[in-house]
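**Q** Residues per chain, in single letters:
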Amino acid sequence: MPKNVVFAVICGSVDDGKSTVLGRLLVDSNSIPADTLEQARTTRRAGSVIPVGEIDYSLLTDGLESEREQGITIDVAYRHMYLPSGRRLIMSDSPGHEQYTRNMTVATAKADIGLLLVDAKRGVRSQTIRHANICGLMGVKKLIVAVNKMDSVDYSQEVFNDVVSELETKIKSLGFETIEYVPVSGLVGDNVSALSLNTNWFTGNTIMSALNELSADQPIESTSLRIPIQAVIRTVDNRGYAGQIASGTLTVGQLVQIYPSGTQATVSKITGAKNAGVYVAGDAVNVEFEHEIDAARGHMIAGVEESNQTVSRVFLTDLIWLSDKTHTKQQSYVLKCGPIEVTANVSDIRYVNDMDANEQIEASNLNMNDVARVEITLARPTLLDPYALNRDLGGFILCDRLTQETVAAGMVLHAIQRESEVLRHDFSVNREQRETLNGHKSCVLWLTGLPSSGKSTIADEVEKSLFSMGYRTLVIDGDTVRTGLSSDLGFTNVDRSENVRRVAHLANLVMQSGVVAIVALVSPIADDRDKARELFRDSDYHEIFIDTPLAICESRDVKGLYKRAKENLVANMTGANHGYEAPENPELIVDGSSPLSETTQRIVDLVLARQNKP
Amino acid sequence: MLNKTAFDDAVLDELEAQAIWAIRECASFQNPVLMYSVGKDSTVLLHLARKAFAPGPIPFPILHIDTGWKFQEMITFRDQTVAQLGLDLRVHSNFEAMQAGVSPFSHGSDEYTRIMKTVALREALDAGAFDLAIGGARRDEERSRAKERMFSLRGSGHSWDPRNQRPEFWNTVNNLLPEGSTMRAFPISNWTELDVWKYIRREELAVVPLYFASERPTIEVNGSILMVDDNRLTDEYDQPPVIRKIRFRTLGCYPLTAAEESHTNSLDELINELETTNRSERAGRLIDGEGQSSMEAKKLEGYF
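Protein sequence lines correspond, in order, to chains A and B.
With my numbering, letter number 599 in the first sequence gets 599, and the count goes up by one each step, no holes.
Add 614 to a position in the second sequence, counting from 1, and you land on the number used in my numbering.
No lab work stands behind these hints: they were computed from the structure.
In this text, all values refer to a predicted model and were calculated from it rather than measured experimentally.
Note that the Cβ used here is the ideal one computed from N, Cα and C, for glycine as well.
Misleading hints may appear alongside valid ones.
Claimed, not checked - Listed next, the stretches of chain A that the computed footprint assigns to chain B, with coverage defined by at least 3 CB atoms under 8 Å from CB atoms of chain B:
#: 1; region: 27–39
#: 2; region: 101–113
#: 3; region: 239–245
#: 4; region: 336–343
#: 5; region: 393–400
To be verified - Part of the chain A face toward chain B, derived, beta carbon under 10 Å:
#: 6; residue: Val14
#: 7; residue: Leu64
#: 8; residue: Arg87
#: 9; residue: Met138
Work out the full structure: start from the sequences and follow the hints.
**A** Right, here's the structure in full:
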């Protein structure tokens, strides 16, 4: 998106001199009307020490009555500045008090450039760090740090260097592309728009020249087409879909894909604010298609290249909690991202970021001004992009269902793909065709039971039997999986669950290939097995409980696990000191101490019976 | 590197696209209405609304609050525009107050503005059950407007609570309204007065002729030049009109809007004048001056 209107945010702790620096920038860039300037020479606030006749710069940026009374900034003010380059800068003047962090966050949302003020005398404060953090989080890429009130420290290079080095270590990991440090006195005017002789040791940019240079940088953009549909425009003979191109380009004749339906359509007509052959990011357009499509507000017109579409129900995001109403578990919200609207839950709080201590802390609730990394789960698969690629496509708000208030602002890091939610490509050869080629139907046999109950032995016999009848088969054995696919996992509950999940998906792939998958896995937790079952149709999945008495398992003790568990050498071993949850409704129960041929036959019969079912 | 004209044009393109985006968001509300005050900002807003929904019609009605003290040329221009574009215009006045004889002279500009503009606007929004009013206010106009969100929530009685504004992020509008609340939208928030005029020139939009210098009957009251639009003004001040070559920088109620002596009678001249004189826009609005933060006080009560 070409940017000739550039947004910047001015921030920093309260009393670090934002108003004066901003006032001076506005005057120096000739952005203040002459009569307003005259008022700032003649009007004085109670307690002002600035002589009448000189400009009281802070008066130029005053806004609300209550702000003037208290001498503080409560909410963002937006001010126009004309840069020497001719570009337009809209400066968001943000509040410095911690209680107005929410408004400061608002000021950074559109900002490309941050101007962070630090008082040279007082040094780096916790609000300085907080504001730098929020700038980084909200996607401000370019930071100018104005070390202000240099006149109060006799323009000492040492003081300046100390502030710079202290700040540098604290903000270097916040993701800024460039950080420029400028020694400044807003009061005197040093290095605001002209280099000062008072700091002859400094040869860098002034604030003005830094703003001028940095605003000329054009952002790197994603090239994938995205048009969030804002409105459907009906005319007598057609329907158009109106929205602003968020990224990519659009021309008549182009093939596009509509989300969430996945329908493809060809563009037949584009009405833009002005006529163009190719419409680009930033353009407001109304798009018509060759054939009627089913789309509405909140749907997305996107490119057909499938590699970059992140349709998912689950996203990892950063979240800034903005409401004094605490977030507790089970709360559901309305998520809005542009015109997209979908029910959302905060399904997992990974951590809350304690900026003061620079620590990640565990939390079950979210309170006002908390910055947290969370997983959100949506009611339906939705196309959201990483915030780092595009703020408008990856930035979202959460709204409270009762008060309708905006309670959080969120930034998508990436989609978390759960198999069932991936937008699948329709491949030409499908499972039925593979089954036809193989001459039989495939399915999954899931053998669960205690260690040494006989799962692997039975699986081996079943495979031999089926193989001899011409069936294509594969045994997925727990021990084998542990040496490869799951070699990164241990034996805690979380890791066991993950192991079961991986095996289930592997079994599904094997089955899709037309092969009978025979799983031999302890899989002790009922919930994990139920999740595995959910991946399959009923007729495809057979849970087989190898119900061998514990005493027999202990006496077999193939791997010596029971013995070592008794000696407390193996922690978390199933059976001995770790509960095995027996299946409640398995398709089949066999006793591993029964004759092997009998057990094998009963399982093979399941596969044979499967052949006559759809 | 772009030259100045190309820069101006690129800036206008971006401001235009942003405004169209905002106006299209307005259509997601249940019952929006577009405020039309006949001035230059309203002219731009109306044009943007037409573009936003082209080739379809503007999907909501247009509302004009008529105080009964608007310049006659404004009313003529309004009716021509409505007829030409086939708009669904609603006009609302505080008839009760009109009949009671409320005027800028009888009640003073502050109270008059409250009754004839603020109260009338609240009445009109309530009567139409409008949950969103779209206006042409800009952040560069006035200091309390610099504080305003593009989508600004109004509580019961259409009051504005500047200390507790709904946060606003990216291109995402929270269009959910608590019971009793309404929304105001300002699609041209980020435009300046110069942007408005340059856009009018670029898009070749017609504006009320009062913006251009012409010889008009005037009187001088407290150092301000007022145009004699009908005999209510001369009756009040008991002065004979004097012909002066004047124009207006903003248009409000004629007894409360000061003219400036000028020879500017083309858009090019007007834009050139603004680029060189650098005087604040609403200096001619006599209602803004009363009290230290008159506009803010009015907005708290529901003024536009």
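**Q** Give a verdict on every hint.
**A** Now the hints, each set against the structure:
1. 27–39: holds (count 5)
2. 101–113: holds (count 6)
3. 239–245: It holds, with 4 qualifying residues against the three required.
4. 336–343: holds (count 4)
5. 393–400: holds (count 4)
6. Val14: Where the cut-off is 10 Å and the nearest Cβ of chain B is about 16 Å from Val14/A, the hint is violated.
7. Leu64: holds, 5 Å
8. Arg87: holds, 7 Å
9. Met138: holds, 9 Å
Hint compliance for this structure: hint 6 is the single one not met.
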